[in-house]
Amino acid sequence: MNVRKIVTLTEETLTEGGRPVEPNARVAVVAAVIDNPWHGQGFVEDLTAGIDEAASKVGELLAPRVVKALGGTVEAYGKAAIVGLEGEIEHGSALIHTLKFGDHFRNAANATTLLPAVEKRGPAGVTFDIPLKHVTDATIRSHHQSIEVRLADAPHPGEIVIALAAASQGRPQQRLAPLATEQ
Amino acid sequence: MTSSTDPAASGGQAGLRKIVYYQEEVLQENGAVASAPVFRATAAAVIANPWIGTPPETDLAPASKMIAPVVARLLTDRLIAGLGGAERIEAFGKAAIVGTSGEIEHAGAMIHTPYFGNLVREFLEGTSIICFADDRAGAGEALVVPMWHKNQASTRSHYQTITARISDGPRPDEIVVVAAASTGPRPHARIGDRSTDPAVTSRILEGATA
Numbered sequence: 235m236n237v238r239k240i241v242t243l244t245e246e247t248l249t250e251g252g253r254p255v256e257p258n259a260r261v262a263v264v265a266a267v268i269d270n271p272w273h274g275q276g277f278v279e280d281l282t283a284g285i286d287e288a289a290s291k292v293g294e295l296l297a298p299r300v301v302k303a304l305g306g307t308v309e310a311y312g313k314a315a316i317v318g319l320e321g322e323i324e325h326g327s328a329l330i331h332t333l334k335f336g337d338h339f340r341n342a343a344n345a346t347t348l349l350p351a352v353e354k355r356g357p358a359g360v361t362f363d364i365p366l367k368h369v370t371d372a373t374i375r376s377h378h379q380s381i382e383v384r385l386a387d388a389p390h391p392g393e394i395v396i397a398l399a400a401a402s403q404g405r406p407q408q409r410l411a412p413l414a415t416e417q
Numbered sequence: 451m452t453s454s455t456d457p458a459a460s461g462g463q464a465g466l467r468k469i470v471y472y473q474e475e476v477l478q479e480n481g482a483v484a485s486a487p488v489f490r491a492t493a494a495a496v497i498a499n500p501w502i503g504t505p506p507e508t509d510l511a512p513a514s515k516m517i518a519p520v521v522a523r524l525l526t527d528r529l530i531a532g533l534g535g536a537e538r539i540e541a542f543g544k545a546a547i548v549g550t551s552g553e554i555e556h557a558g559a560m561i562h563t564p565y566f567g568n569l570v571r572e573f574l575e576g577t578s579i580i581c582f583a584d585d586r587a588g589a590g591e592a593l594v595v596p597m598w599h600k601n602q603a604s605t606r607s608h609y610q611t612i613t614a615r616i617s618d619g620p621r622p623d624e625i626v627v628v629a630a631a632s633t634g635p636r637p638h639a640r641i642g643d644r645s646t647d648p649a650v651t652s653r654i655l656e657g658a659t660a
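Taken in sequence, the protein lines are chains P and R.
The first sequence maps to residues 235 to 417 in the numbering used here.
The second sequence maps to residues 451 to 660 in the numbering used here.
Source of the hints: derived by calculation from the structure; they are not laboratory data.
Even for Gly, the Cβ is constructed at its ideal location relative to N, Cα and C.
Honestly, I wouldn't trust all of these hints.
Between beta-carbon pairs, the in silico distance windows are [said to hold, decoys possible]:
| hint | chain 1 | residue 1 | chain 2 | residue 2 | range |
| --- | --- | --- | --- | --- | --- |
| 1 | R | T651 | P | P391 | 36 to 44 angstroms |
| 2 | R | A603 | P | G359 | 49 to 57 angstroms |
| 3 | R | A603 | P | L348 | 44 to 52 angstroms |
| 4 | R | T659 | P | G305 | 56 to 64 angstroms |
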C-alpha cells in the first residue's frame with residue numbers, strides 16, 4: 235500500500251441554533267490518500283489480491299488516528315471511499331466493505347454495528363459527506379449525522395481516498411423522538 | 451432573546467459557532483518520499499460578524515480589540531497542539547473570509563491588526579510579518595492560505611499554501627478567521643534562493659521567440 239498523504243480534520247461546534255452546545259460537539263475525520271491497487275490494469279475480475287494488500291493496512295493506519303483525533307469516547311462512526319476518475323467505485327468499495335478494514339475501527343471504538351459508508355468517484359477536491367451512526371445501535375436517532383470533507387488535491391485519477399469519521403456525541407441540539415415512539 | 455450576531459449572545463466573547471482544525475501530513479510527492487515529514491495545518495474559527503448592520507464609517511477597533519486576541523489564542527493553541535509545539539512550526543500564514551452581509555474590511559479588521567497578528571506571531575514564536583489571504587464568499591468557499599517562513603520571510607523553500615474550507619461557514623453574518631502553520635518546507639523544494647539566484651534582467655529576452 236502506497237500512502238501519499240494523511241489528512242486529519244476535527245470540527246468542534248460551540249453553538250447551534252443560536253444556543254450553546256455543552257459540552258462542545260466534536261467530530262473527527264482521518265483520511266489516507268493511497269494508490270488505487272488496481273489502477274492501470276483494465277477490468278480486474280477478482281479483486282482479492284488488492285484487498286489483501288491494502289484493506290487491513292489502511293484500516294489499521296486510520297483507526298487509532300481517528301480515535302486519537304476525536305479525543306474522547308466514540309459514540310458514532312462512519313467511513314468513506316472516494317475513487318479517482320480512472321478507477322471504479324467497486325475499487326473503493328472493495329477496500330472498505332470488508333471486515334479486514336472495518337474491524338480495526340470497531341475494535342478501537344468498542345463498536346458492534348455496521349459502519350455506514352459513502353462511496354463515490356470524483357476529481358481532486360470533490361466534496362463528500364460521511365454518514366455516521368451510533369456504534370452499538372444503529373437505530374439511535376440522535377446519533378444519525380454526517381460530516382462534509384474535502385481534500386484540495388485528492389484523489390488523483392489513480393488514487394483512492396479512504397476515510398474514517400468519529401463523533402463523541404449525537405447531533406448538536408438533537409431533539410427528535412426515539413424511533414420506538416413511532417412503532 | 452439576543453440576536454445570533456451579538457458576539458456575547460453565544461459562544462462566549464468572540465461569538466464562536468465552530469472551530470475546525472485541518473492537518474495534512476505529506477508522506478510522498480511525485481512518487482518519492484519527502485525529504486522530511488512535513489505537517490501543515492489550518493485552524494479556523496467561525497465567528498459572528500460584530501459589525502453587521504453598521505455603516506462604513508464605524509470604528510472597527512473596539513470589536514477587534516475585544517474579539518481578535520481571543521481568536522488568535524484559540525487558533526494558535528490548536529496549531530501548537532496539533533503540530534507538536536511552537537518550536538516545530540517553521541512557517542505561518544493567516545486568512546479571513548467574511549460572509550456576504552459584511553465588508554471585506556471586516557475580514558481585515560479581524561486579521562490585519564496587532565490584536566490578531568502580533569499575538570499569532572508571539573504564540574507561534576516567529577518574527578516575520580505574516581502573509582495572508584482574504585475573501586468575501588458564501589459558506590463552503592475554499593480559500594488558499596499562503597505561508598512563509600516565520601523568521602526569514604524570503605526563505606523560498608518555505609513558500610507554500612494550504613486550503614481552508616468550512617462546509618457551512620461563513621453564513622452571511624459571520625466571519626471565518628484562519629491561522630495556518632507548517633513544520634517545514636515544500637516537499638522536494640529545489641528552486642534555489644536569493645543567495646543562489648543569477649542576476650536576471652529583461653536582457654534575457656533578447657532574441658527570444660514565443
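So, going through the hints one by one against the coordinates:
1. R:T651 / P:P391: 36 to 44 angstroms: Once the Cβ atoms are compared, 41 angstroms apart, the range 36 to 44 angstroms for P391 (chain P) and T651 (chain R) holds.
2. R:A603 / P:G359: 49 to 57 angstroms: Violated: the Cβ-Cβ distance is about 28 angstroms, outside 49 to 57 angstroms.
3. R:A603 / P:L348: 44 to 52 angstroms: Given range 44 to 52 angstroms: holds, Cβ gap about 51 angstroms.
4. R:T659 / P:G305: 56 to 64 angstroms: This hint holds: roughly 60 angstroms between Cβ atoms.
Hint 2 from the list above is the single one not met by this structure.
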